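Given chain A, work out where chain B should sit, using these hints.
Read off the chains here:
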Amino acid sequence: QKEVEQNSGPLSVPEGAIASLNCTYSDRVSQSFFWYRQYSGKSPELIMSIYSNGDKEDGRFTAQLNKASQYVSLLIRDSQPSDSATYLCAAQGRGSTLGRLYFGRGTQLTVWP
Amino acid sequence: GAVVSQHPSWVICKSGTSVKIECRSLDFQATTMFWYRQFPKQSLMLMATSNEGSKATYEQGVEKDKFLINHASLTLSTLTVTSAHPEDSSFYICSAGDRGNYGYTFGSGTRLTVV
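Protein chains in written order, with our numbering: chain A, 1 to 113; chain B, 1 to 115.
The following block holds chain A by itself, in its conformation from the complex (with noise of 0.2 Å):
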């Protein structure tokens, strides 16, 4: 098993819908997860962090973190067209890996009007 994977996806909701963005993690990833929005062409920008377990709410952005079941998710409410980007999850490394990020494949959203 890789260490972040995000199987889903190419995703595509209408504008003003809930996206849900979903990512799980090996026992190799420490407890610290980032979510990074892409846009094509340029590099990645964070958009949340999580640490513990449960829900972080920033803005429209809803991070969740379920350690027992090893998931991490992104919830992004009143989707926006400008929202239509590629959203990588991403796990900090554990051990002699920690300080670098293991990143998933990617989840391409695409928010239609």
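Note that these hints are calculated values from the structure, not bench results.
Since we're looking at a predicted model, the values are computed, not measured.
We put the CB at the ideal spot given by N, CA and C, even for glycine.
There could be a bad hint or two in this list.
Said to hold, decoys possible - Computed list of lysine-lysine pairs in PhoX-like fashion (alpha-carbon distance at most 20 Å, straight line): (1) K42(A) to K41(B); (2) K67(A) to K56(A); (3) K41(B) to K2(A); (4) K20(B) to K55(B); (5) K55(B) to K14(B); (6) K2(A) to K67(A).
What the hints assert, rightly or not - Here are some chain B residues pointing at chain A (derived, C-beta under 8 Å): (7) L26; (8) F28; (9) T32; (10) S43; (11) L44; (12) L46; (13) S89; (14) G97; (15) G107; (16) G109.
Frame of chain A, contents of chain B only:
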């Protein structure tokens, strides 16, 4: 917040030549920098981790003699692609971190095209 500057943003070079990409932390000291490569429609692939004042640690399959990394100061790391070939054409992105920031600030990326 932490700012990482990366230059150039794009470069076209001839096959066989070398290209240097710079990554600078503008408002913090970056003890660790990470270099990634991203091919179209694919996720980020970590190439190497460099710590200031020491040799870079390369990921498996990345040629250290081809991708030279120098991290001589706490604010600057460089990646030199030596003897570039068309298959080296890619999007190269750096990320810098200090002791409290585990490499989650990215530079703007460099689009390398080798012709």
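Here is how each hint holds up against the structure:
| no. | hint | verdict |
| --- | --- | --- |
| 1 | K42(A) to K41(B) | 12 Å, holds |
| 2 | K67(A) to K56(A) | 14 Å, holds |
| 3 | K41(B) to K2(A) | 19 Å, holds |
| 4 | K20(B) to K55(B) | 17 Å, holds |
| 5 | K55(B) to K14(B) | 28 Å, violated |
| 6 | K2(A) to K67(A) | 17 Å, holds |
| 7 | L26 | 15 Å, violated |
| 8 | F28 | 15 Å, violated |
| 9 | T32 | 6 Å, holds |
| 10 | S43 | 5 Å, holds |
| 11 | L44 | 5 Å, holds |
| 12 | L46 | 6 Å, holds |
| 13 | S89 | 14 Å, violated |
| 14 | G97 | 7 Å, holds |
| 15 | G107 | 6 Å, holds |
| 16 | G109 | 4 Å, holds |
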